[in-house]
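Enquirer: Fit chains B and C to the known structure of chain A by using the hints.
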Amino acid sequence: MADMIKCPVCGADNPSTQKICQKCQSPLTGSSFTPGQAPTPQDTGKLEPVLPQWLKDARDSARQAEPPTQVSQPQMPPQQPPASNMDFLAGLQSQAGDDDEEDVPEWLANITGGAQKPSKVDPITETSGARWVEMGKKDDFAIQDTPANDTSEMPSWLADLQTPEPKADEKDELTDWFRSSSQPEVPQATTFDTPSSNETPDWLRSMQAEANASQQEQASDLFASSTPSSDTPDWLSQLGSEEQSATQAESSASSASSFETPDWLSQLGKEDQAAPQAEVSTPSASSFETPDWLSQLGKDDQSAPQAGASASSASSFETPDWLSQLGKDDQSAPPAGASASSASSFETPDWLSQLGKEDQVAPQTGTAASSADAFETPDWLYGLGGFEEGTPSVENAAFAESAAAGVEAKESSEELPNWLKKPEDVKKSDTAPAWLKNEPADKPSSETPAWLAPDDTLRITEVKGEEGLSEEAPAGDDVFGDVPDWLKAAAPTSSIFDEPSAQPAASDPGLEMPTWLGAARPVEMPKADEPADEMSSAFESAPAFTPDVSDNGNVDSLFTDMPDWLSNAIEPSSSTPTPITSGDALSPSELPSWVEAMRPLEPTPVRTPSATSDQPLESRGALAGLPGVLPLGTGFAPTSKPKAYSIKLNASEEQLKNAGILEQLLAGETAPEPLESDRSLGSSRVLRWVLAFIFLAVTLTTSILRTQFFSTPRAVPNEISFAKAILEAIPEGAPVLVAFDYEPSRVGEMESVAMPVLDNLMLLKHPYLTFVSSNENGSMLAERLLSGPLAERNYQSGVTYQNLGYLPGGQLGVRAFAQNPAESMNVEISLAPAWTSGPGWGNEVTLNDFAAILLITDSADAARAWIEQTQDIRSAFPIPFIVVSSAQAAPMIQPYYDSGQVNGMVSGLYGGAIYEGQYNRPGVARNYWDAYSIGLLIAMSFVLGGGFLNLAFGMRDRAAKREAK
Amino acid sequence: MVISTDLIGGVLGFLFTILILSYLIGDNPLFRIAVYLFVGVASGYVATVVFWQVIIPRLWLPTLEAVQTLSLARGIYMLFPWLGILFIFMKVSPGMSGAARITMAFLVGAGAAVTLVGALTGTLLPQIGAAINFFDPRLAAARNISTLEVMGNGLILMLGTVTSLAYFHFGARPKADGSIRRFGLIELIALVGRIFIGITLGAIFAGVYASALTALIERISSLVDFVTNLFGLFGIL
Amino acid sequence: MRVLTAVIAIAFGFLVLLGYFFPQAAIFQIILLDWAVILAGFAALVGLLNLMIVHFDKIRRRETGSVYSALLILSLIITFLAGLLLKPQHPIMRDVILNGIIIPVEAALMGLLTVTLLYAAIRLLRKRADVMGIFFILTAAIIFLGSATLPLGDVPVIGTLIRPWVSQIWALGGARGILIGVALGTLTTGLRVLSGMDRPYGGK
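If you read the protein sequences in the order shown, they are chains A, B and C.
Using the working numbering, you'd call the opening residue of the first sequence number 1 and step up by one each time.
Using the working numbering, you'd call the opening residue of the second sequence number 966 and step up by one each time.
Using the working numbering, you'd call the opening residue of the third sequence number 1203 and step up by one each time.
It is worth saying that the hints were derived from the structure and are not from the lab.
Watch out, some of these pointers could steer you wrong.
Unchecked claim - Quick list of simulated restraints, FRET-style, between CB atoms:
1. B:His1134 - A:Pro672: 56 to 64 Å
2. C:Val1256 - B:Ile1093: 42 to 50 Å
3. A:Ser652 - B:Glu1152: 24 to 32 Å
4. A:Arg956 - C:Thr1318: 21 to 29 Å
5. B:Asn1194 - C:Pro1353: 27 to 35 Å
What the hints assert, rightly or not - Residues from chain B shown here face chain C by an in silico Cβ test under 7 Å; the list is partial:
6. Phe981
7. Arg1066
8. Thr1126
9. Ala1171
Claimed, not checked - Simulated coverage check for chain C against chain B, where a stretch passes if three residues somewhere in it have a Cβ under 8 Å from a Cβ of chain B:
10. 1266 to 1280
11. 1350 to 1364
C-beta atoms are modelled at their ideal positions from N, C-alpha and C, and glycine is treated no differently.
For reference, chain A alone in the conformation it holds in the complex:
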């Protein structure tokens, strides 16, 4: 057994030789995640083949799964992030029913695709329509959308709570910032006695003061403002005060892992324990594993009086005062309609118990709040809880279920964030997970809070009743998927402390403050006897959240200018309740960028843990104390919070600018360019005709008259002199390689320049010519030249010359020929064997056997190919290289002559005429010269005269266009 490996997924023991779990087919070894490890971008498509079979099966089954039927939620706004319907406790709840039956957790059983109960999956799958955006179709991976709880994949809001663990020397930047923007201390009736109160952000204090101010405005909502300590964040202080006055305690959904959760949560737990409702029992957790705050939470819950009893905070030394105050507030929360009892059991964090309990007691009054105006709700709130625009569904009163006769009764539901809105029929539905039900009877039962129990969860329970409840997993974790961290932290407090039930529903539709903030408004405070004016002054000095939640304070400014909302919050006018108007409503588009940036855009999937008794207890996280919740395997489960990958394109300004430029370019490409009306079309045709007539007349006249009026060029360029000298230096009868590489179109020019060169060479030196051509027609043009103008030289194929024909392949062919001419071209065009006539070719013919290479070409590319591919050979054994080129190729061959790679060059009719003049043997060049010279002069005249005339016209036209513009 020493060689057994425990499966990190199902916990089954496997032989060490196994790489895959025999039970669940999960890999037994795998790379573990380390905290803070950045995920490496992976192409998941590449990972497809290595997926375990069970996962493939799961995906297959998910794809094949029928779309879940809509149970009780008739319509879902399309803009609503479906993921927000998930509850992070959903997995636990679904697991509860079969904890004792299966070793494999329910969520895992669902994933494996085998023998899963469709009723467990479908409704949840129905609500999870968000991930198909990034993962494929909506129906794809439906099973994977089933929320599961796993401390390794702790919801972000839990992790966020985890990170700001009060530390003496580690302060949150946001907190500092809030503190810096806060106002002087608010007079507070109560003080937190926790030593870590200096950690409280100012904005929490502001919220507290804000609540205080609102209390002044509403006689029915008297509150005893719990004065936070000097360093307590105002908003939390405010929350604390609100909690004190809350008629119903809701447990905070902002959970952290057990060790790292602040004590203020434990304080909450205490208060939750005080709630009388105990419908849902939570699993016990060993006390030694329960952090202080959880213990405190339990105590409070157990001992909390009905109202007014300010429990002394027993939070740990790390607990800030404001957190302690929260606990006190909870303790003093009136029990009216609120089941704030939370189990401080071994296995269940108290606040979780409290959550469940609150859900149980959620009243129906929230139904009235379901007439929500979606446009009044900020986006991030809107998308949290399955907000149904304009739908007075009972599910939207989610938050109201935990606030029996709470503030929601008087608040318009349009102000409610969706994650606060829950199906109202919670009394019927037991949304508490089974492991919560397994709480010992002596423990106060708790129920999942409404904001943790999503709409779909409640729907499921409505349909399936108790049986379904035990199986269905609330998908509430994703409720907070879109909530900023700081708001997540605040959210549970607001859910815990609900507003008085005396408030009529929808009595105040103008609320701008999110409902959960409104819910946090204290109804009953220990310091209720404080003078109202004192409260008002305290409120005025409150740095943040000054306007009362229920008074439609200046929340717009809160979300529009982040730094300003603090200052706005302390405006004196904000203490006065301002009726909300449609213009004040916080529209989704007004969401400030900083909130947008803080939003977790993607919900973090959670998994349902396994709760088998043989599994070890969880020691960390929100599920601390729960046995078998999480898979075993050290190093397997990631300890860091999974990153929420946004499907939204986050582009920087520069990227946006570049995208704009690209868009303009593309638009310019696709936009039809208006054709300029060519006014000069008629004149251009005339100009062409005039030009054609002139040239035809000149050439006809000079050809017919055979004039030789113009003198041939007399200045001899160096390249022609060198070419002449080299060719004259060739030994008598020496082999010369002639590459014929010109097109038939330039026969006139090339023959006029090549003929004097070849003629004089053949006449003077009688070389043995070897013709080769990298042009298809070159060999035939060589034959034409030899049989035409050079027929006088009486060169015979196979005797005084050999024509090797066409050498295909461009540079490939030239290189092949240069390497081994005889092997590369071994027959003539007549198919007679080559290299048999002429000089005594050796056994191996090389390029060095030629006395010179004469390239006759009209193409600079062909010249470059011959020069480049013979360069190394000619470097080792210098072979004269003469180029006879057309005028058009000469400028690009000139550098090779200048570099010495070409030893001589004769180009164009100009060069041919000069070469003829060198030997005083007029030929074709001379015959063409008059027409040529006149043509050049005409061209020069037209180019200069017409060109600059058009330049002037063009400038005039452009000036006219500029004026027109």
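Expert: Chains B and C in isolation, oriented as in the chain A frame:
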């Protein structure tokens, strides 16, 4: 009366030249007929040349020789070209058209190696060396160039070479105003390079024009010669 | 197939490359280049076959200008058959086909460029009046004038001094820059092909 091929060629040449030059008036069916006929004839002629000067001597005859001599080495040697041709013909079949890429890959790979070394040893290094060596007085003296000319022209050459290269440097970054421009110094150098490029292209243009003018003169001269010969043939002139 | 073609291109490319630097490997280069020459020639034939197929399709679909396509195919087949029978260097082929059709048509088309090029040069500065265009026109005019002659000889100064200076110094500088740029581009392209980054033979 035996009509010589010269005469037929002359007549055809005359007719086709007229048909093509009719384009000076404007596009017309005669011009198109001449062009399409020319394309067909030229293609057929090229096919003939390739057949007789490439396929037969390089592929067919060696294969025949290998078969006749039963030379295994020669047969294997010639097997590869036949395989390549087979792959090319597979392009006809939609299902096996990918096999043609094997042949093309071979040609491209070999061609890349050849052009790479050729460009390096045949153009890049010699031209860079020449740009430097232009200032060498010994080489200048060997080419009968004075020292003053060397310094002046060498500077121009160097300037033209460098600035022309810089002109083809198109790397740019977006500016603050959204425009995309090159680095300032590169932009300045490229401006000078534009001048040199303009001069070079002007020289090339003059050469192309001279070639075209020569071709026109040759055609007109051939027409005149043909008419002259034709009239002389009939004793008119 | 993509991997196979890339491997073939890279392997044969490096074999050819070795032939430049190691005399022992030159034999491989000769053999491979010989095969390449054969295949390149055959590829030209395939190209002509493709030309025929395209025009056959045009005829079959009775597209506009299919008569011209018919003329093209007819002339191609006749020429090819005649060439197969007579060989290209036969006097009939040379006089009728080469001297009678190919050279006149191509030369006449080239001659048409005279008017077109001149017209374009005249109109150039109307559309593009920048420093390059101006130097372009000036250079062309100088070379025109310098290449021409007068009845008594070269055009003074321009024909004897300025034109050679412009064409052999100024134009040479730009041409060298262009050539070096082309060589660099060729070098880069070759390296990309040999490293498999570029696959012009298909397969990405």
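Enquirer: Should the hint that Ser652 (chain A) and Glu1152 (chain B) are 24 to 32 Å apart at their CB atoms be regarded as holding?
Expert: 27 Å, holds
Enquirer: Can the stretch 1350 to 1364 of chain C be counted as covered by chain B under the rule of three residues or more with Cβ-Cβ separation shorter than 8 Å?
Expert: Coverage by chain B is violated for the stretch 1350 to 1364 of chain C (0 residues, Cβ < 8 Å).
Enquirer: A closest beta-carbon separation below 7 Å is what the hint needs, so does Thr1126 (chain B) meet it against chain C?
Expert: 5 Å, holds
Enquirer: With 42 to 50 Å as the target window, see if Val1256 (chain C) and Ile1093 (chain B) comply at their CB atoms.
Expert: Distance hint for Val1256 (chain C), Ile1093 (chain B) holds at roughly 45 Å.
Enquirer: I want to verify a distance hint. Is the separation of the beta carbons of His1134 (chain B) and Pro672 (chain A) within 56 to 64 Å?
Expert: Violated, at about 33 Å.
Enquirer: Using Cβ atoms only, decide whether Phe981 (chain B) comes closer than 7 Å to chain C, and label the hint accordingly.
Expert: 4 Å, holds
Enquirer: Taking a Cβ-to-Cβ distance below 8 Å as contact, does the stretch 1266 to 1280 of chain C have at least three residues touching chain B?
Expert: holds (count 11)
Enquirer: Mind checking the hinted window 21 to 29 Å against the Cβ distance between Arg956 (chain A) and Thr1318 (chain C)?
Expert: Since the Cβ atoms of Arg956 (chain A) and Thr1318 (chain C) sit about 25 Å apart, the hinted range of 21 to 29 Å holds.
Enquirer: Can we keep the Ala1171 (chain B) interface hint, with Cβ of chain C closer than 7 Å?
Expert: Because about 4 Å separates Ala1171 (chain B) from the closest Cβ in chain C, which is inside the 7 Å limit, the hint holds.
Enquirer: Once the shortest beta carbon distance from Arg1066 (chain B) to chain C is found, is it less than 7 Å?
Expert: With Cβ-Cβ at 4 Å, under 7 Å, it holds.
Enquirer: Could you tell me whether the CB distance from Asn1194 (chain B) to Pro1353 (chain C) stays inside 27 to 35 Å?
Expert: 29 Å Cβ-Cβ, so the 27 to 35 Å window holds.
Hint compliance for this structure: hints 1, 11 are broken, all remaining hints hold.
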